Amino acid sequence: MIDQRRRGFLKGVLGASVVGLTVGSGLIPLRAQAAAEVANWPETAFKTPGVDATISELYGMEAAESDQISMDLPTIAQNGAVVPVSVETTLPNVTAIALLVAKNPNALAAAFDIPEGTVPFVSNRLKMAETTDVVAVVISDGKAYKATQNVKVTVGGCGG
Amino acid sequence: MASSIRVRAVESGGVTSLKALVRHPMDSGFAKDSSGNVIPAYFIKLLTITHQGKEVFVAHWGPAVSKDPFLECRFKGAKKGDEITISWVDSKGESDSTKATIG
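Protein sequences appear in the order of chains P and D.
Per the UniProt record's numbering, the first sequence runs over residues 1 to 160.
Per the UniProt record's numbering, the second sequence runs over residues 1 to 103.
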C-alpha cells in the first residue's frame with residue numbers, strides 16, 4: 001500500500017519535471033509574477049519584536065481575545081527547532097491567519113491568506129528559542145482575534 | 001533534479017486536504033556555524049497553492065518556520081483528479097514549483 005502510493009508520488013514528480021522542461025521558455029514571466037508577489041511580503045511585520053506591535057504592524061489593528069480559535073500544539077516541546085502548531089477557528093468569513101511566537105527575536109513566524117472557499121485551518125512547524133507563548137491571530141469579518149497557548153521548550157530533553 | 005516539494009492532496013466530502021513538505025534549510029540568521037560565523041538568513045518567503053488558476057492558499061513565511069517546512073491546509077471546490085500547483089520563492093529569489101493530482 002505504502003509502496004504503491006510512493007510510486008504514484010514519484011510518477012507525479014517525474015511528470016511535473018518533464019512539464020517544467022517543456023515550458024522552459026515560459027519561466028521568465030513566471031519568475032516576474034513570483035517577484036511581484038514577493039513584493040507583498042510583509043517585510044516590516046517580520047522584523048517587529050513583540051506580539052501586539054507585530055499584529056498592529058501586520059493588520060493595522062488590535063486583536064481581541066477569542067474562544068472560537070482552537071490551537072493544537074504540544075505543552076512541552078523537547079526540540080524547539082520543530083514545534084508543530086495547528087490552528088482552526090469557527091469564526092466566520094476568515095481572510096487571514098497568522099502565527100506569532102512571543103519570545104522569538106521577531107514575533108511573526110508565518111502569515112497566511114485564506115481565500116474564499118478555503119477552510120480556516122492551518123498546520124505548520126515553527127522554531128522557538130525558549131519556553132514561550134504562541135499566539136494565533138485570525139482576521140474574521142475584517143476584525144482581528146487572537147488566542148494564546150504556552151509551550152515549554154526543553155532543549156536537551158532533560159525536562160528543565 | 002528531483003523536486004524540492006512533496007505534496008499529497010486528498011478530497012473527501014467536498015474538502016480537499018493538502019499536506020506539503022518542502023526541502024529547504026530555512027536558516028534563521030541567528031545560528032552560527034562550527035567556526036562561530038553567523039549563518040545568514042535564508043528562507044522561503046512565499047508559498048502559493050493554486051487550483052484551476054485560483055489561489056487557494058498563500059503562506060508568507062519568515063525565518064522562524066522550521067527547516068524543511070511542513071504545511072497542511074484544507075480547501076473546498078476541488079474534486080478528485082483535479083490538478084493543483086504548489087510553488088515557492090525564497091529570500092535569494094530562487095524558486096520551485098510542482099503539480100499534483102488530487103486523490
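Hints were generated in silico from the structure; no laboratory data involved.
Please read all numbers here as calculations on a predicted model, not as lab measurements.
Mixed in with the good hints there might be a few duds.
Sample of chain P residues at the chain D side, in silico, Cβ under 7 Å [what the hints assert, rightly or not]:
#1 Pro74
#2 Lys103
#3 Leu108
#4 Asp113
#5 Gly117
#6 Thr118
#7 Phe121
#8 Lys127
C-beta atoms are modelled at their ideal positions from N, C-alpha and C, and glycine is treated no differently.
When the least beta-carbon distance from aspartate 113(P) to chain D is tested against 7 Å, hint result:
Aspartate 113(P) check passes; min Cβ-Cβ to chain D is 4 Å, inside 7 Å.
Was the hint right that glycine 117(P) lines chain D, CB cutoff 7 Å?
Hint on glycine 117(P): holds, closest Cβ of chain D at ~5 Å, below 7 Å.
With a cut-off of 7 Å on the beta carbons, see whether phenylalanine 121(P) makes it to chain D.
Interface hint status for phenylalanine 121(P): holds (5 Å vs cutoff 7 Å).
Is the interface hint satisfied for threonine 118(P)? The criterion is a beta-carbon contact with chain D at less than 7 Å.
At about 4 Å, which falls below the 7 Å cut-off, the nearest Cβ of chain D leaves the hint on threonine 118(P) intact, so it holds.
Closer than 7 Å between Cβ atoms is the bar; does leucine 108(P) clear it against chain D? Give me holds or violated.
This interface hint holds because 6 Å falls under the 7 Å limit.
Once the shortest beta carbon distance from lysine 127(P) to chain D is found, is it less than 7 Å?
With Cβ-Cβ at 5 Å, under 7 Å, it holds.
Should the hint that lysine 103(P) touches chain D count as held when the rule is a Cβ pair under 7 Å?
11 Å, violated
The hint names proline 74(P) as touching chain D; please verify it with the least Cβ-Cβ distance against 7 Å.
13 Å, violated
Checked against the numbered hints given earlier, this structure breaks hints 1, 2; the rest are met.
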